Amino acid sequence: KLHKMTAASNLAVGFSKVIAEAEARRSVEEAQRAQELKLKKEVARVLGARSDAECLRVGGAGVEANLEGIKKAFRALARILHPDKAKVDGATNAFQRLNQAYNNLTGGS
66 KLHKMTAASN LAVGFSKVIA EAEARRSVEE AQRAQELKLK KEVARVLGAR SDAECLRVGG
126 AGVEANLEGI KKAFRALARI LHPDKAKVDG ATNAFQRLNQ AYNNLTGGS
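Residues 66 to 174 in my numbering are what the sequence shown spells out, letter by letter.
Keep in mind the hints are simulated off the structure, nothing from the lab. Treat the numbers as computed from the prediction; the structure is a model and nothing was measured. Every residue, glycine too, gets a C-beta built ideally from N, C-alpha and C. A portion of the hints provided could be inaccurate.
Claimed, not checked - Simulated restraints, written as ranges between beta carbons of each label pair:
#, residue 1, residue 2, range
1, Gly-79, Ser-116, 58 to 64 Å
2, Lys-150, Gly-172, 25 to 31 Å
3, Ala-143, Ser-116, 17 to 23 Å
4, Gly-172, Arg-91, 45 to 51 Å
To be verified - Here are the simulated lysine-lysine pairs, DSS-like style, with alpha carbons at most 27 Å apart:
#, residue 1, residue 2
5, Lys-150, Lys-105
6, Lys-150, Lys-136
7, Lys-105, Lys-152
8, Lys-137, Lys-152
9, Lys-137, Lys-105
10, Lys-106, Lys-150
11, Lys-103, Lys-152
12, Lys-152, Lys-82
13, Lys-136, Lys-152
14, Lys-103, Lys-136
15, Lys-106, Lys-137
16, Lys-137, Lys-150
17, Lys-82, Lys-106
18, Lys-105, Lys-136
19, Lys-103, Lys-137
20, Lys-106, Lys-152
With the hints as constraints, model all of the structure from the sequences given.
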């Protein structure tokens, strides 16, 4: 009788582990989907910008941003949109647009 209880207990523990692993996998997949959606929104915002200044405002540069504010916004967006890191459609074009806007606004400095 004790052997049957131990086997049942081991089975229950095994099921619990399987369920926990499945929930953890699902959590990771949901986080990845959320990150991809956020990235797609950033790409759309950069590509939809009507001006160079608007393009960098997506990254947090204010309307009257100085050179440091522009650089900070550029770096923040460049980290997100870099083609080696961003694996969504349009990310390369958004990164090129961002570089163009940065160069236009700063004179390439």
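Do the hints match the structure? See the list:
{"no.": "1", "hint": "Gly-79 - Ser-116: 58 to 64 Å", "in the structure": "holds, 60 Å"}
{"no.": "2", "hint": "Lys-150 - Gly-172: 25 to 31 Å", "in the structure": "holds, 27 Å"}
{"no.": "3", "hint": "Ala-143 - Ser-116: 17 to 23 Å", "in the structure": "holds, 18 Å"}
{"no.": "4", "hint": "Gly-172 - Arg-91: 45 to 51 Å", "in the structure": "holds, 49 Å"}
{"no.": "5", "hint": "Lys-150 - Lys-105", "in the structure": "holds, 13 Å"}
{"no.": "6", "hint": "Lys-150 - Lys-136", "in the structure": "holds, 20 Å"}
{"no.": "7", "hint": "Lys-105 - Lys-152", "in the structure": "holds, 10 Å"}
{"no.": "8", "hint": "Lys-137 - Lys-152", "in the structure": "holds, 23 Å"}
{"no.": "9", "hint": "Lys-137 - Lys-105", "in the structure": "holds, 21 Å"}
{"no.": "10", "hint": "Lys-106 - Lys-150", "in the structure": "holds, 15 Å"}
{"no.": "11", "hint": "Lys-103 - Lys-152", "in the structure": "holds, 12 Å"}
{"no.": "12", "hint": "Lys-152 - Lys-82", "in the structure": "violated, 33 Å"}
{"no.": "13", "hint": "Lys-136 - Lys-152", "in the structure": "holds, 24 Å"}
{"no.": "14", "hint": "Lys-103 - Lys-136", "in the structure": "holds, 22 Å"}
{"no.": "15", "hint": "Lys-106 - Lys-137", "in the structure": "holds, 20 Å"}
{"no.": "16", "hint": "Lys-137 - Lys-150", "in the structure": "holds, 19 Å"}
{"no.": "17", "hint": "Lys-82 - Lys-106", "in the structure": "violated, 36 Å"}
{"no.": "18", "hint": "Lys-105 - Lys-136", "in the structure": "holds, 22 Å"}
{"no.": "19", "hint": "Lys-103 - Lys-137", "in the structure": "holds, 20 Å"}
{"no.": "20", "hint": "Lys-106 - Lys-152", "in the structure": "holds, 13 Å"}
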